[in-house]
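K.L.:
Join these two chains into a complex; the hints should help.
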Amino acid sequence: MEYEPLIVAFLCNWCSYAGADLAGMSRMEYPANIRVIRVMCSSRVDPAHVLYALKRGADGVLVSGCHPGDCHYINGNHRAKRRIILLKELLRQMGVEPERVKIDWVSASEGERFTRIVKEFVEELRKLGPNPLKEDAREV
Amino acid sequence: MKPRIGVYVCHCGTNIAGVVNVEEVTNYAATLPDVVVARDMMYTCSDPGQNTIKEDIEKHGLNRVVIAACSPKMHENTFRKTLASAGLNPYLLEIANIREQVSWAHFRERDKATEKAKVLVKAAVAKARLLEPLEKKEMPVERSVLVIGGGVAGIQAALDLAEAGLKVYLVEKSPSIGGHMAQLNKTFPTIDCSACILTPKMVDVANHPNITLLAYSEVVKVEGYVGNFEATILRKARYVDEDLCAGCGACADACPRKVPNEFDVGLGKRKAIYVPFPQAVPLKYTIDPASCLYMKYGRCKLCVKACPRGAINFDQKDEEVKVRVGAIIVAVGFKVFDARKIPSLGYGKYKNVITGIELERLSNASGPTGGVVLTASGERPKSVAFIQCVGSRDLNHNSWCCRIGCMATLKQAFLIKEEDPDAEVYVCHIDMRTAGKGYEEFYRRLREMGVRFIHGVPSEIFEDADGKLRFNVFDQTTGHMIELKVDMVVLQTGLEPAEDVEKLQKMLNVSLSPEGFFLEAHPKLQPVEASTRGIFFAGCCHSPKDIAETVAHASAAAAKAITLLSKGKVDVEPLTASVNPEICSGCEVCTGICPYRAIQLMEYEGRRRAKVIDVLCQGCGACVAACPSNAIEMKGFTEKQILAQIDALTGG
Ligand code: FES
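Protein chains in written order, with this note's numbering: chain E, 1 to 140; chain L, 1001 to 1652.
Okay, chain L solo, but in the shape it has when bound (with noise of 0.2 Å):
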């Protein structure tokens, strides 16, 4: 059929006609071989703007269209579906990128961004003479989700898939759910106790039926793609066996060894044999063999004795299962940057230098002080003050803000004040920000109870002999330099990229930002979706974000996951590679270059020849480059198509 070509180039308003000539571009589009139509039009995209495409496609029998306009990663769905909803197939589209490769990286070059924008539009105008009709494949998914990592994110996330039907494996790192949220004493701004807001949810997780959680366990490899994935993960030996724990605490109360505790932030302690905190889910002790006196000296064994069920096996091993999932959403949300790493601050040299974590350890009524914020010395602080931003907004350190910092040292001061209202609480930032629901109203309320907001931060604390701590700072607001003199000093410390980002990045085949958070698809409107299918990003491990940003997060990625699977299948894009038995002579090069294995040898007529298994196919193209005869066609990148944009982009 010969091609008849409609071209449609887009003015996006200003973006790309205040630099491009657009209409120079279309009256030069109208000069192409083939081509039957060329308009140029205000939005695309628009309703009116399908709608032309549409009506061309019948009046003029279009069987090819050509759209030059934003990014094909922006619109190119939306226009395959302008064709679709024509009659069309979809695949008989080619979009020349002339908003961000063109008028955007080249707007103050009006004349070389016209000229590259005609060339753009020729390479398309040759491709699309050379497109052939494709169609979509559909598989069948599992209808069931990983969650990675057992903060609130992964909890609503699971919760969410659960209640929706899905099934849902919740992969936990540490022995208890419950993340950085179950180490906070209260929320922002309403005072709400987070383990009250919280342990219900996590107990809903342990009983609900859809939902396998696998606590002390980690992911390590995945494999397969959008629908059918297939993850390993390891189950790390509890040396006490789950089903026979009842969390009874016979064994802790035996155990007579100490140390510091890691959900305290080494503030309290616990025995070899623990739980992290009490409200832990699921509630089974872990033995930690680092410090068990029987597995480093072989030597003590008092648990076996005092546990009444018999739960405790130190010959567990570590276990790998396998699970199959449709969909896996990443929630390993984030790490609290490490205070040390700016020494003229005092942290970890001064006993009375803490950091907010710490203080919402020791303000909590489980934490090590039973909730009561003492000195080193045991004594509750008659004066505090917290320094904002520490590693953050910082080029030497973090860039980033985050978040959550301000609206942090509000609520620790409100508590602060709240116990004593006596005591002096001092703030020391860079700016205040506040933007949340109550937020500022919380704030104005902190400054009516006599907290004292400093417009600057001290660069260097000292500690006096009597213990307290010293440090000048200069108030932009009024100009003057300010000593101060407190019991204690708070470092309002920062949000980072959690330490498994990085392997997990490699092993989801996902990309991150510049500050090493995940990167999502679209930074407005995909803001959970990766760019590689079927996988999603809730929480801080995205951004930082307070809780309830965070939760609405995990319930944008859980809905997005639902969305995906509820069809029961998803579609197979058909850009896969075939082999043209004829010409392939059977040499194998691209059997053992294929990275997903899609190619075989197979009996054609009698001899061997390699055959591409559609499904497994996901359409890099690595093997026609490689094939010595070339017998092997990329759909949708074919040979021909790439030869005739490289003679259209050099002028030929």
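The following block holds chain E by itself, in its conformation from the complex (with noise of 0.2 Å):
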């Protein structure tokens, strides 16, 4: 079978996961590939998150939270890009592209956007090939 990426996506409940929303809600197709978590804010993700969903199967994990400045939190998008930068730079130290991990700003208006995002990072992912990480993967 030809290989589908999977993405994992975690969303802020008030930006993003609004955006998604609105894609779904304006007709905007983009591909089945991801698979949502809501969180109430970006900054609840667990860089340990990231990595498990890698190591479960994920083929890219996405983190979207609101604009800079967005936050509903005030600051705790800033707080996840710092932790997400950190989590690529081991990934790649672990000999994993780090571009499997994508950090990125929906804000709730933005149905089109998070559309294009998705878009672009299932073709990356085409791209990369299946995740090396995958526990399964290693078994065989």
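Please note that a few of the clues may not be correct.
Cβ-Cβ distance ranges computed for the label pairs, FRET-style [said to hold, decoys possible]:
hint, chain 1, residue 1, chain 2, residue 2, range
1, L, Phe1474, E, Glu123, 41 to 49 Å
2, L, Glu1319, E, His67, 31 to 39 Å
3, L, Thr1212, E, Glu120, 36 to 44 Å
4, E, Glu120, L, Lys1112, 12 to 20 Å
5, E, Glu120, L, Lys1322, 44 to 52 Å
6, L, Glu1319, E, Lys119, 51 to 59 Å
7, E, Lys119, L, Phe1474, 37 to 45 Å
8, E, His67, L, Lys1112, 23 to 31 Å
9, L, Lys1081, E, Glu123, 37 to 45 Å
10, L, Val1203, E, Glu120, 57 to 65 Å
11, L, Pro1628, E, Gly95, 19 to 27 Å
12, E, Lys119, L, Ala1206, 29 to 37 Å
13, E, Ile85, L, Val1203, 55 to 63 Å
Rather than coming from a laboratory, the hints here were simulated on the basis of the structure. Quantities reported herein were computed from a predicted structural model and do not represent experimental measurements. Beta carbons: idealized from backbone N, C-alpha and C, even for Gly.
P.N.:
What follows is the structure, encoded as structure tokens:
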């Protein structure tokens, strides 16, 4: 079967989750490869969650929050960004493509931006191929 | 207690079932661990749908409910209430969003959509197994409201709130309340005098015992949360003591310095000490430091000599005041499109090209010409052309419809025809939009009065040597190019977001639409609520509106604020963080991270341990992810729950 990248996404309740809802409401299509976990703020996402998702078989992980300055909890998105940048560095050292992890911003009114980010991410992951960190991939 | 889960997969009519194989998802759900009932339902949110859930809770002893339907942002609260009414803790609910994020987003990929729906249901069940009952807390609220902006929206909201017995702080940036409506001459379609219907309301605001009017002031900081906001308001120095000034105007009579009056859009003059217009509220004079001779050159003070009450005080300083309020209504209005951005229309270059709002001032009895519309050379225009949609419905400028330009033009055309029935009046439009009570009838009346409507707008306007304005316009209705030569051209400029919108957006933590207006929580069902609880929008800062719509919107915002504060307390979400003092090492990483300073170190069995102050915690979870010892847990979004969701989503 052709390789279909699997994306686990953590979306903050106030901006990005609402943006994803708006994309649906406006019937803007995006690949079904993405599976969303709603969190209140992007700052709830622990780099350990991202790693865990990669280990369990996600080919890519998207963390998306409010635009800088717009976080519902003042500055959670800045923290999220810093943590994810560090994690990407760690991944590089582990020999995993840091491009598998993406942090971006989508506001509640940016349904179109959400679809674009998902589409592009799926394409990037398609190029990267299956995730080498996947537990069962290693077993094989 | 062992989980006993009921799963309800919603058809939502054909919204979900038209794409997702609901039966397949339901059958799959029945195979998941701890699921005792799985049903598909036509409309889960309807009465019969909710009743089925309640019956199942009793009959099957369900202690968790999973609903696969629309976004939790839509009906999470509805279903929480369903659970509560069946005696189940409302937080034992998990929603799988298979409408907005599945059937509507993947409507051409039925198989993939069904697969994704199954996976989302699986993740919801996995999380539901780990849900715990949570108790809502109640917090006392301040029974007072901050209204930002003193145009007709803010005025209406303030009066409604005050009448309901709430304390209101009405903050207006300029020296007087009244906003754009105070600048207008007449209102459409009834040709009511704008000032006559507005000024009594302004006076009511000034006299109402429950309203504190803070004019010439700006909100500079807002802290806190629903029910308990603290706002810092900057009271700009008027250099006139408000308590002493009686508004007699002796100071302005004496003032030697004349400058253009902003209220007359620069057409008329005011003094350096001034009220913007005669009916200003509060009727208190203000010194404009940029024009005052004494403040610039240290000499003059003629106003000080003239004032019979000694009200002028050049030593006055800006002052900050703090107020505590339970809710905030934002009513900061709009800005008019600057016609200079379309140079080919000649505004700013040709004296007889004016804007709609300028025409309002010229036709207003208290305006610069005493209510007579005159050309630059001081004559009554014999021919006037209105150009519609200037800056509006134009992808180079503002994409949206200003919603009031067509009716404003009809009204102004009426006034010109009323003054001089022989005047030639042309209206060059893209479409005439006259939806509204009595609006279409008014449009017909104008056609009958001989106003000529041309279905097309000119791209360039020229001035002839005799000062007349000339342009060509292609009339789509007749298919002819028409050449017009007129005494005056009126550009009906559009509405755009007010200048303060972005500043307030950051201050209040609310969202903006792509156009830059404030974004409501739901476009149909929550048209005045911000997604941040306790904040409401009124009037044109939310989207362009006419006066009637603005007043209705403002009353709606006031009603929502009254509803929120009437009980004297608000529910606080129990989705907060909590520290396990047994594991906490007291390292203090979390205390610095919390944006609300909700974590403090406290004594626990002889050691210093972090503790979350529940009422301050807003539930972001930033501390949870930062804690190096995993000692903090986030209720409703626990570590175990998130990992279980990841497992389910990745096929584990
Ligand atoms: S709430 Fe959206 S990133 Fe914090």
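K.L.:
Run through the hints listed earlier and report the numbers of any the structure violates, in increasing order.
P.N.:
Of the numbered hints given earlier, those the structure breaks are 3 and 12, listed in rising order.
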